[in-house]
Amino acid sequence: MLPSDRQAHEILVGAVGLKKHFPVKGGVLRRTIAQVRAVDGVDLFVRRGETLALVGESGCGKTTLGRLLLRLIPPTSGEVLFNVPANLYASARDRWQRTAEEDGAMRSPKGPQGDGLDPYAITRLRTRAFKPFRRRMQPVFQDPFTSLDPRMLVKDILAEPILINNQMTRPEAMERVAQLLQEVGLRPDHLYRFPHEFSGGQRQRIAIARALAPEPEFLLLDEPTSALDVSVQAQILNLLKDIQRRQGLTYLLITHNLSVVRHMADRVAVMYLGRIVEEAPTRELFESPLHPYTKALLSAVPVPDPKRRREKILLPGDVPSPVDPPTGCRFHTRCNAVMPHCGWSPRDAASATAYLFDSSRNPHASTLPALSEVSMEGNRLRLLFGGSRPSEAQRQVVADLVRGRAAEAGGMAFQAIREVVLEEGSIVLEFPPPLEPAWVEVSPGHSVACYLYPQPQA
Amino acid sequence: MGAHVEVRRGIRSASGRAELWRGLRRRLDEYSLTLRLLLKRPLAAAGLLITLLYVGIAIAASFLPDRDVLQTNFTTAYPQPPWWWGNGTPGSWFGTTYPGIDLGMAIFKAIRIDLYYSSIVVLGGAIVGMLVGLVAGYKGGLFDEGLMRSTDVAYSIPFLVFAIAVAYVISRDFTTLNLSLLILWWPPYARLVRSQVLAVKANMFVEAARAAGASDLRIMFRHILPNTLAPVFVQVSLDLGVVIQIFAALIFIGFVPHSGYLPELGALIFYGFGSEPTSYPWTILFPGLALVIFTVGVNLLGDGLRDVLDPRLRR
Ligand SMILES: Nc1ncnc2c1ncn2[C@@H]1O[C@H](COP(=O)(O)OP(=O)(O)O)[C@@H](O)[C@H]1O
Ligand code: SF4
Ligand SMILES: [Mg+2]
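Residue numbers (our numbering), protein chains in the order written: chain A, 1 to 458; chain B, 1 to 315.
Bound conformation, chain A alone (with noise of 0.2 Å):
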């Protein structure tokens, strides 16, 4: 036995630097093109019998993470770590934020040999050796049209993860499904039966009562009602709170919905585009988010008080591609708090550039040569002119006229601009590099991830 199965430590799943990025293939010949950061550096962890509810909008890799907390796919980069005692938690991300700040490179998910994690390292494991963990971990999906094969009695579909996980001969395993389906709101006579007879609800019970069987510590509960009749929701998630109180379990539970979260969650963590921006207790979270992200999330909840209504924040715009983060903060193309420094790309600024440094169409910017091209060079943007080499006087221009346009309204990207310099016969705009925003605590348990908060200092 490993020294974490004797022991029932306060942190049952932790996440450290957890990062998953898919491969996206193209062309003929089927190459890598480019990556879709599903999750991209995530450190949650979940207390041994609580609920942590994970909220975010669909496609920011909410699925993905309770994959990668259950080992049902490997990380990119980062570790899982199962029941592990809090201070070792704490320093295991203490280590991984620093070593991830000092290289910045993706690192194996191997963390360095010797650290005292082993025995908690999920992610570590040889699948022989991670075996007795699955039963310990189990997940109840979104849709049980699909989570139950087709072509097995609910008898079957309850029986497999007992056999396989528990050492009980097959009158014992059926003598468990039995109470199992009891204990989920089923009649006996329904183990002969096939999922199909069943309704949505029902399924979902029955894939609850297979999540229960081979005696998990945790369940993830993947929008576990967002596929149910709205009349049914509510039976489905009291049914998991009083399985929760008999046994003792521990959940994350996914969902958009946030008055589930409400109704279900000790606390909340707020994912936004493969990182978490926010977490803090749940009623905390509901009387004063911090975030801007979680207020435009929380601004769409009906509340009953009319006094305490809110003004509905609108999000404009489109959901960015995971693929192609924004750089810095990873919301300040849709925040409506969003300051120069928050986040920026050459890309935002270069379309305006065509227009604003021609001198053929910009009147302000005569005295320039004629613009031939604009280049992006990382965190640079720079500008050739023709032949012509620009003199000291023109980036004098070009300077006036980055700091004219910075001033106007939607000029965020050229209020970024940090440098105008003469450079080898062009002119180059310098951007700071981007830094994402600190994770700091604000406040005992709530810790929010936005430069509207104290940064530490560097």
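Treat the hints as calculated values from the structure; they're not laboratory data.
Where hints are given, some of them may not hold.
Unchecked claim - Straight-line alpha carbon distances no greater than 30 Å define the calculated DSS-like cross-link-like pairs of lysine-lysine that follow:
#, chain 1, residue 1, chain 2, residue 2
1, A, Lys131, A, Lys295
2, B, Lys201, A, Lys25
3, B, Lys139, A, Lys25
4, A, Lys295, A, Lys241
5, A, Lys131, B, Lys139
6, B, Lys201, A, Lys131
Chain A is already provided as a structure; the job is to place chain B with the ligands on it using the hints.
What follows is chain B with the ligands alone, placed relative to chain A:
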């Protein structure tokens, strides 16, 4: 104390058997529902009836001694008509064919041979193709790529050309013909099953099984394969007709030298052709009809199966 435990054991294993038995009965109910759905369609029911009739004939024919077929009247070397045909021979239902073979018996024997060998080709191809398609679709990656490219190669060879080539290299006999068909018959099944596997694999019950600790083998054979079988059944029944036609065609054009007597439908038609068909039309009419009716039967059955096995039409 010990006795008490014994008693408990006994009760448990009895209830264990009851559980398995009840599960089995429930599954049989499901199959009989499929059968009832099939029988509700007149064409499909006719197809099933014809197919079962042929299977029955094939089984019965294997109990006939060979000499019954050859029990002929060599005094008249010309084919004799059946008794109900003009000035027919009393006692002979289907007449005789050159060289004095009883046609009814010969057709029974031929059905047995044709059905037996075409089943070997089709079922053999289906099983091999199913395994290849299952592994390729489930594992994916380079393995999939390799397997599917090799089915492409096998796919691109016209089987008549291949069969004839094999025959000239190895030998021109019935066994070789079977062998070459068997080699070429699995790729369509591999493709069919692979595409099914890709669709089934995307279902969350596969991920749930993985989360429950099921091994790859278990997932492939318990969860994925049973969900891919319906179109395979359809294809098998359609292919039975196709393979019998290929046999008949190849033997008719003389792929297998007619040294000696081969009770096979194509061969029987060939014998009839060799004996002035205009004077003795029954010699090609009866074996031809036997072939056509079987082909139509399995096609009707296949179409019916396609309909009733489609889960979207079930409920
Ligand atoms: N297996 C996969 N291969 C490629 N891309 C994937 C895969 N799974 C998820 N993605 C992509 O990752 C992103 C996050 O998906 P997901 O985790 O399902 O989000 P959510 O559950 O929050 O809706 C999406 O852009 C999705 O297209
Ligand atoms: S850092 Fe905060 S204020 Fe700035 S864009 Fe991001 S969410 Fe908005
Ligand atoms: Mg999802």
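Status of the hints after comparison with the structure:
no.	hint	result
1	A/Lys131 / A/Lys295	41 Å, violated
2	B/Lys201 / A/Lys25	20 Å, holds
3	B/Lys139 / A/Lys25	18 Å, holds
4	A/Lys295 / A/Lys241	27 Å, holds
5	A/Lys131 / B/Lys139	20 Å, holds
6	B/Lys201 / A/Lys131	22 Å, holds
In terms of the numbered hints stated before, the structure departs from hint 1 and from no other.
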